[in-house]
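K.L.:
Spelled out from the first residue to the last, the chains are:
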Amino acid sequence: MLKGPRSAEDAWEEETEQAAAIQGRSPWQLAFARLRHDRAAMIALGVVVAIALVAVLAPVIAALTGHGPDVQYLPPIGTTIDGLPKAPSAHFLFGTDDLGRDVLVRVAYGAQVSLLVGVLATLLAVVIGALVGLAAGYFGRVVDTVLARVIDVMLSIPFLLFAISLASVVSVTPIHIGPIVLQQGLGIVVIVIGTFSWATVARIVRGQVLAIREKEYIEAARSLGAGSWRIIVIDVLPNVLAPIIVYATLLIPLSIVAEASLSYLGVGIPPPTADWGSMISEAQPYYQEAWWFLVFPCLALIITTLAFNVLGDGIRDAFDPRATGTRA
Amino acid sequence: MTRFLIRRLLLGAFVMLCVTVIVYLIFYVGPGTGYVARALAGREAPPQTVALIAHRLLLDRPWYVQYGHFLSQLLHGNLGYDYYHDQSVNSIIAQAFPVTLSLAVGAAIIWFTIGVLSGVASAVRPRSLLDRGATFTALVFYSMPTFVLGLLMLELLYYQLTVHGLRWFPGSGYTSPTQSIFEWFRGLILPWLTLALVSAAAYTRLTRTAMLDVLGEDYIRTARAKGLSEARITFRHALRAALTPVVTQFGIDVGSLLGGAVITENVYGLPGLGYTAVQAITNQDLPVIIGVVIVASAAVVCANIVVDVVYAALDPRVRLH
Amino acid sequence: MSSVSGEPLVRVASLVKHFPVRGARRRRGSEREVVHALDGVSLEVWRGETLGIVGESGSGKSTLARCMTRLQEVTAGHVFFDGQEITSLSQRRLRPLRREMQMIFQDPFGALNPRRRVGSIIGDPLAIHTKDSGAARKRQVQELMELVGLNPEHYNRFPAEFSGGQRQRIGVARALALHPKLIVCDEPVSALDVSIQAQILNLLVDLREEFDLTYVFIAHDLSVVRHVSDRVAVMYLGEVVEQAPADDLYRAPRHPYSSALLSAAPVPDPDFADSRKQIVLVGDLPSPIHPPAGCRFSSRCPRQRPRCTVVAPMLEPCFGDPASHQSACYYPLADGETLSGGEANAHLGPIDTEKP
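Residue numbers (the working numbering), protein chains in the order written: chain A, 17 to 344; chain B, 32 to 352; chain C, 431 to 786.
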């Protein structure tokens, strides 16, 4: 068996072996370690987990307080005698709303909707966007031209206007496009938000792929006889994953806000489902008499969005420490 | 350069064409012909009116004929007719546009100035108290949905002040500048602030990141070694390079805004494009909805073209692509 | 040197590769502007030999390597591998052939995917072309690692944890995985420190003996090429200007350009280096978009005469050279003659003790 010549390099190798018996960390592990040391991000992660817990345990909260999310308590328990919401008390920790429902329980159930839509819409956007971006960036020429135009068109349509128009039409009658039927509900909100978010993901991915495509290791893979999709998945994707993850984490709060905006305008999840956006919209006329009705859903929304944004920033810094201006 | 411009315009036209196809498919074809005619006629209309409208709009013809008609109308600048308000859609949009324009331009100036300046200040002293403070504030505002901030401002700056006798701002409504510039201004301050604060936050972050990238470049280090003052380096050299992504984003954002800042207009009751659209939606007023969506898309496409052309004028490499 | 036998393993016939110039204005009626990367290159590589290809940047050597392995599509001409014409094969039909020809790349930092583990990188060809199980692949990969002088226990490390020389060894191991017939080395040591270069070169030579490999070795450094090659081809601006067995070329270069290249190669003895006359070529490299008529080297050649700019000279033996030594020049250098008129064999430096 042939051995390489003994040299300074071999000596160096032995040195690093001892040192590296402890090291040998992958780029992922390094990023993870940096994230763990980012206190703000860790706190944000804790908040996100807490919110998720609240969402999951919403039925438990309902059971504990004894109030369901849709149960309207008649005066004088649920509302004052004049029909106004009741202030926070031992009985209703966050007070009641204009229909005598428990605000605390509704906020908890609202978390379910927000998180569900946020995560699902982001997932949809990322999957579609990554596929389109990878194909456009790697295959180039015709495929790229066509897909890039599609991305352009998608980015030109104003999201909110289109979404509310679509939702309003759908609330009256389902839309049939060929075999596809669009109906009111959680599904269409997720689809609409996802449909308007994938284009940005695709653009980011495409840019990254174009940068990677000319690298020698891609050429090497081609010279080995690897098929296009194998190269895309095994060689290109791992190098593109980092920006995708960063953007996805920042996309979640954007989706949550989008969903809340839709509900606020009355075209999101239909009532009586508890939803922060619609709660805020319902609370508007009462903001003078019943501040709690408006404040708690607002706080919930702000805190959730803030937590995800801080976490997203932390993840971005973990993958690319230069951006903060700190030592690497 | 002219070739680039022409190519870019053709691309824009193509994108608009695709948009019209999508809009048409979703709003005319999707819900079925019964819905369209009824929606156009308005909810109260008798069946004869509905049938008449159906016939006039060629709803009994195959869909490609309808689309052809739709497209040719569009190319003649006719966005349709609003039976509900008995006005042409063109005039409705023409009335609403100046409002949106006032809102968009005013807010844009404010957010660009605040955003870029605070972003530069942050980048120049990274990790300092100023930086952390600015970054945190930006983060908080960035995480606030526009309607939440709007409601907050209404509550604090309008309601609380008014209750205490300081009628500084009107609660809602718009006054045209032709009537009274002062009132026009007064009515727009709160909406401007609402829109601007949220966007400024995004621009602070964007500028900060871009500036940090540029400040780390070798040629900045060379400039310092040459003895240039920090201020000169920051503003004349670094900022110029860093502004490119910011300006690109700015162009796109303003374009989107010109299509109607839906939420802000609704919170403050400003009768701009966004407000008109929401009203139309409540009334199921299809021509107006479609008209606004198309105008808004056109605004975005135009803004993109402007941004691309400016970019190409500044950076010749882009033209060769 | 090693034995040379039978049919050429690789035959390149009149290979032409033109790259379109991006952004160039299209003049009415005339053709699009192109960069003439390769203009009619014909070569043969025999089984078991090492063909060195030298030339300066822009001579087309890297393009030639890529066209040979069909990493680039050719504009015209043919490439034959093991008797089979491969230029017109579909990608699918080409795949099994890729087992037989592999490449080693120049940049040790760019040629390995930074996000993949080394074991996975080396095992890639096995994963693509064989149905071996993961465990079997791992075993083979570790054998290969040991073969090229790497510690097999570093199987799960990332490329960033290796030095430049080690990474190049990884590249070699990857190329070797399927025991190909041909390995094309595209400037494999150009990016390495001089002390490491020797190790990698020696590794390549040892492996050639062990596995009966055929190399096409591309470089711009003549002393490097000399150490490993049996035959050498000199390229200039997309054409081969001289081909010869290595010894013949170094002893008696016929083409003025070869002579100039050789004179520029540094020699170890500084006194001798000062004393010999350097040939400095005057003039600029012509544009590859508009190559000059006639001999492409004529604009810089001190021996240029009117005939040179009219029709390009053919590649053929001169002065009674054997068929193996060909050059494309109307006024080739005779034995002992140099461009500057200085000492003959000055480029060889003091007595050569390296050759076996």
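Calculated from the structure, these hints are not laboratory results.
All C-beta atoms in this analysis are idealised placements derived from N, C-alpha and C, irrespective of residue type, glycine included.
Be aware that one or more of the hints could be misleading.
Straight-line distance between alpha carbons at most 30 Å, and here's what the computed DSSO-like set of lysine-lysine pairs gives [as the list claims (entries may be wrong)]:
(1) C:Lys611 / A:Lys231
(2) C:Lys611 / C:Lys561
(3) C:Lys561 / A:Lys231
(4) A:Lys231 / C:Lys568
(5) C:Lys611 / C:Lys568
From chain C, some residues computed to sit far from chain A (all C-beta separations above 10 Å) [stated by the list, open to error]:
(6) Phe449
(7) Leu501
(8) Ala506
(9) Arg525
(10) Arg528
(11) Phe535
(12) Gln536
(13) Asp537
(14) Asp554
(15) Pro555
(16) Ala590
(17) Asp701
(18) His720
(19) Arg737
(20) Val740
(21) Gln756
K.L.:
Taking the hints in turn, state whether each one holds.
P.N.:
Hint-by-hint comparison with the structure:
A distance of roughly 26 Å separates the Cα atoms of Lys611 (chain C) and Lys231 (chain A); the hinted pair therefore holds under the 30 Å criterion. Of the pairs offered as hints, the one joining Lys611 (chain C) and Lys561 (chain C) holds, with about 20 Å between alpha carbons and a cut-off of 30 Å not exceeded. Among the hinted pairs, Lys561 (chain C) with Lys231 (chain A) is consistent with the structure: their alpha-carbon atoms are about 28 Å apart, no more than 30 Å. With a C-alpha separation of about 26 Å, the suggested pair Lys231 (chain A) and Lys568 (chain C) falls inside the 30 Å cut-off, and the hint holds.
For the given pair, Lys611 (chain C) sits about 22 Å from Lys568 (chain C) by alpha-carbon distance, which is consistent with the 30 Å threshold. The beta carbon of Phe449 (chain C) is kept farther than 10 Å from every beta carbon of chain A, the shortest such distance being approximately 14 Å. Not every CB of chain A lies more than 10 Å from the CB of Leu501 (chain C), the least distance being 5 Å, so the non-interface label is violated. At roughly 21 Å from the closest C-beta of chain A, the C-beta of Ala506 (chain C) stays outside 10 Å, upholding its exclusion from the interface.
Some Cβ of chain A comes within 10 Å of the Cβ of Arg525 (chain C); the nearest lies about 5 Å off, and the non-interface call is violated. A Cβ of chain A approaches the Cβ of Arg528 (chain C) within 10 Å, the least distance being about 3 Å, so the stated non-interface status is violated. Listed as outside the interface, Phe535 (chain C) is inconsistent with that label: its C-beta sits roughly 5 Å from the nearest C-beta of chain A, within the 10 Å cut-off. At the 10 Å boundary, the C-beta of Gln536 (chain C) falls inside the reach of chain A, the nearest C-beta of that chain being 8 Å off.
Distance check for Asp537 (chain C) against chain A: the nearest CB is about 5 Å away, which does not clear 10 Å, and the non-interface claim fails. Its beta-carbon lying about 6 Å from the closest one in chain A, Asp554 (chain C) breaks the requirement of being farther than 10 Å from that chain. Here Pro555 (chain C) does not stay apart from chain A, with its beta-carbon only about 5 Å from theirs, under the 10 Å limit. With a cut of 10 Å on Cβ distances, Ala590 (chain C) falls inside the contact zone with chain A, its closest approach being about 8 Å.
Listed as a non-interface residue, Asp701 (chain C) keeps its Cβ farther than 10 Å from every Cβ of chain A; the least gap is roughly 29 Å. Residue-level check passed: His720 (chain C) sits 26 Å from the nearest beta carbon of chain A, beyond 10 Å. Taking the minimum C-beta to C-beta distance to chain A, about 42 Å, the non-interface status of Arg737 (chain C) holds against the 10 Å cut. With 10 Å as the threshold on Cβ separation, the claim that Val740 (chain C) sits away from chain A holds: the shortest Cβ distance comes to roughly 40 Å.
A cut-off of 10 Å between C-beta atoms confirms that Gln756 (chain C) is not in contact with chain A; the least separation is 30 Å.
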